[in-house]
Amino acid sequence: MTRAFVHKTHSSAQVNHYLRIVIFFISLLLFCGCRTDHRFVKKAVFKDSHEIAITFAGPVDEAWAENMANFSVYEKPDPDILSDIRSVVLSPDRMTLTIHAKEPISQEISHKVVLKEIISGGVSQGTAYLTVKKLYIGHLFSILMGAMIIQNFVFSKYLGLCVFFGTSRKKSTAVGMGITFTIVIIAASLMSWFFYQFVLKPFRLDYLQLVVFIGLVSLTVQGVDTILRKVNPALFKAFGVYLVLVIANCIVIAVPLILADNEYNLWESLMLATGAGLGFLIALFLMSCVRERLEFANIPESYRGLPIAFIVAGLFALAFMGFSGMSLF
Amino acid sequence: MPATTKTNRQLFVNGLLNENPIFRLALSMCPAVGISTTVMNGILLGIAVLFVQVFSSCTISLIKNYIHPRIRIPTYTLTIATWVTVIDLVLAAYMPVAYKAMGIFVRLIVAFAIITMRLEVFACKNDLWPSFWDGMGMGFGFMFGMVVLGAIREILGMGTLLGYDILGFRPILFFVLPAAGFFTVGFMMAIFNYVETLYSRRRKENNIV
Chain A
-12 MTRAFVHKTH SSAQVNHYLR IVIFFISLLL FCGCRTDHRF VKKAVFKDSH EIAITFAGPV
48 DEAWAENMAN FSVYEKPDPD ILSDIRSVVL SPDRMTLTIH AKEPISQEIS HKVVLKEIIS
108 GGVSQGTAYL TVKKLYIGHL FSILMGAMII QNFVFSKYLG LCVFFGTSRK KSTAVGMGIT
168 FTIVIIAASL MSWFFYQFVL KPFRLDYLQL VVFIGLVSLT VQGVDTILRK VNPALFKAFG
228 VYLVLVIANC IVIAVPLILA DNEYNLWESL MLATGAGLGF LIALFLMSCV RERLEFANIP
288 ESYRGLPIAF IVAGLFALAF MGFSGMSLF
Chain B
33 MPATTKTNRQ LFVNGLLNEN PIFRLALSMC PAVGISTTVM NGILLGIAVL FVQVFSSCTI
93 SLIKNYIHPR IRIPTYTLTI ATWVTVIDLV LAAYMPVAYK AMGIFVRLIV AFAIITMRLE
153 VFACKNDLWP SFWDGMGMGF GFMFGMVVLG AIREILGMGT LLGYDILGFR PILFFVLPAA
213 GFFTVGFMMA IFNYVETLYS RRRKENNIV
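Top line first, the protein sequences correspond to chains A and B. Residue numbering for the first sequence is -12 to 316, as defined by our numbering. Residue numbering for the second sequence is 33 to 241, as defined by our numbering.
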């Protein structure tokens, strides 16, 4: 009785602890877009490849916004080189100002925006020096969500279909495959990343990418197989069958190649690999839910089996097209 | 399975029709869905797959006696990866535009189940020439499937064939969408199934008569 009670309090304390961490991260994410250096400016963010949007606390005067001399934009590392501003547009409610630059603005570098003598309702609010930057966590989060949902590897990039159709017949199989796949892909991509950054690139062996990556993937699968067999035989019994199938999946080799092409760093690589794995899990789960129901449906004879599965996947792909073009941060 | 008794021509036709990689074996579906938007893509990827399939089959059939059975799958994978690297570099050097259109799929040939399967099932038990013809059949079968899918999607979606305007209008624009790849493959498979059931039914009726 006492032991159970102790256990319970312990676990609830742990939950509280996790909750606090989660709240901390969420608040960090929420604050990332709102931090500015001037009391009258609420928000300054990158909007498009050419635009910076600035939101004010109150309406500003149109005459002030029309004078281009009031605005200057430069990259934080070199303040001498000003970006050319093509136009400045004030929204109808006079609260939001959009600065269009002639050249594309690199969102990776933080920018400084100078607004001279902001005039609101005839009263000067002082000069604002704003820093516009993308928060790194936001960037990582957008990579994760991008790989998971927006650019889902199965429904938007059409990879890994053989295994996808093979293992989505039952919910339990789908979840097992998804989890195994996520573990293997994270391990394999991180290993490939290390190998690419510290061996292939310094020695100029880029052309060996494919041979090395496929070798590393097979090695990871074999390693996970051996470790799981020794450490947790019960888990191996449940997930061991899916391990062999992982090698036949194109996603597991596509992710290291994408990492190498885009020169991602360690955290970005981790996010992309996790996103790809979880995205595959989501796709498998959705598909298996539908296919379990299809078992009882009255389907024309020639459509039974794979053809109807393809058409269902097509419908999913159409639905996932709705996410395209979405950007989170 | 002992060495094959089929003639070279039978092997070739077998890969092209009876065991067509896309419609019959339903292997390597990713490119069939992903980049079958035009006939040209199909032909180019078909050439790449043909090259890799033929050369890996020949390599494996030549060295089959020196491979320890336990490490045969890694050997296959590395052989394929080598030949894919070759075709990847060649395409990137001589056909940069087409290479860009096909994107990552050229390098993903390394993970195509069809090639590994042919090595495991056929090339490691047969001599050079049968393996060569089997590889040719499979490669051309893959190309045939890709071209058929590409032609359907190009004609229905854009009204063009190989870039030339043949219809003058766009019948069903839906087929240009990337997601339509799934539908096209699904419909094609259903048609194949339907034809098959028709044939078997007719054969049965003939037998009865």
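Some hints here could point you the wrong way.
What the hints assert, rightly or not - Straight-line C-alpha distance at most 25 angstroms; calculated SDA-like pairs for lysine to any residue: (1) A:Lys30 - A:Tyr5; (2) B:Lys96 - A:Val199; (3) A:Lys30 - A:Thr85; (4) A:Lys188 - B:Ala125; (5) B:Lys96 - A:Ser205; (6) B:Lys96 - A:Leu206; (7) A:Lys63 - A:Phe128; (8) B:Lys132 - A:Asn249; (9) B:Lys132 - A:Val198; (10) A:Lys188 - B:Ile119; (11) B:Lys132 - A:Pro46; (12) A:Lys30 - A:Thr114; (13) A:Lys34 - A:Lys188; (14) A:Lys188 - B:Thr117; (15) B:Lys157 - A:Ser205; (16) B:Lys132 - A:Ile137; (17) A:Lys99 - A:Met132; (18) A:Lys217 - B:Ile105; (19) B:Lys96 - A:Val198; (20) A:Lys188 - B:Ala124; (21) A:Lys188 - A:Ile137; (22) A:Lys34 - A:His4; (23) B:Lys132 - A:Tyr290; (24) A:Lys224 - B:Gly135; (25) A:Lys157 - B:Asn225; (26) B:Lys132 - B:Met190; (27) A:Lys89 - A:Glu38; (28) A:Lys29 - A:Val60; (29) A:Lys224 - B:Pro106; (30) A:Lys188 - B:Pro128; (31) A:Lys30 - A:Lys157; (32) A:Lys188 - B:Met190; (33) A:Lys89 - A:Gly108.
Since the hints were made in silico from the structure, they are not lab data.
query: Straight-line Cα separation of lysine 188 of chain A and isoleucine 119 of chain B no greater than 25 angstroms?
result: holds, 21 angstroms
message: Just to be careful, I want the Cα atoms of lysine 188 of chain A and proline 128 of chain B compared with a cutoff of 25 angstroms; is the pair within it?
response: Measuring from Cα to Cα gives roughly 23 angstroms; hence the hint holds.
message: Does glycine 108 of chain A sit within 25 angstroms of lysine 89 of chain A, going by the straight-line distance between their CA atoms?
response: This hinted pair is violated, its Cα atoms lying about 30 angstroms apart.
message: Hinted pair, alpha-carbon criterion (25 angstroms max): lysine 30 of chain A, lysine 157 of chain A. Please report holds or violated.
response: Distance ~48 angstroms between lysine 30 of chain A and lysine 157 of chain A Cα, so the pair is violated.
field: 25 angstroms limit on alpha-carbon distance, applied to hinted pair lysine 157 of chain A and asparagine 225 of chain B
entry: holds, 23 angstroms
- prompt: Taking only the CA atoms, is the gap from lysine 30 of chain A to threonine 114 of chain A under or equal to 25 angstroms?
  reply: Holds. Lysine 30 of chain A to threonine 114 of chain A sits at ~15 angstroms (cutoff 25 angstroms).
task: Below or equal to 25 angstroms on CA atoms is what counts here, so check lysine 132 of chain B against asparagine 249 of chain A.
output: The given pair, whose Cα atoms are some 15 angstroms apart, holds under the 25 angstroms limit.
message: Can you confirm whether the C-alpha distance between lysine 217 of chain A and isoleucine 105 of chain B stays at or below 25 angstroms?
response: Holds - the C-alpha atoms of isoleucine 105 of chain B and lysine 217 of chain A are around 23 angstroms apart, at most 25 angstroms.
- request: Assess, step by step, whether the Cα of lysine 30 of chain A is no farther than 25 angstroms from the Cα of threonine 85 of chain A, and give holds or violated.
  value: Holds, at about 12 angstroms.
- request: Sort out whether threonine 117 of chain B lies within 25 angstroms of lysine 188 of chain A, counting only the CA atoms.
  value: holds, 17 angstroms
query: Are the Cα atoms of lysine 188 of chain A and methionine 190 of chain B separated by 25 angstroms or less?
result: violated, 43 angstroms
query: Holds or violated: are the alpha carbons of lysine 132 of chain B and tyrosine 290 of chain A at most 25 angstroms from each other?
result: violated, 35 angstroms
Hint violations for this structure: numbers 1, 11, 13, 17, 21, 22, 23, 24, 31, 32 and 33, all remaining hints satisfied.
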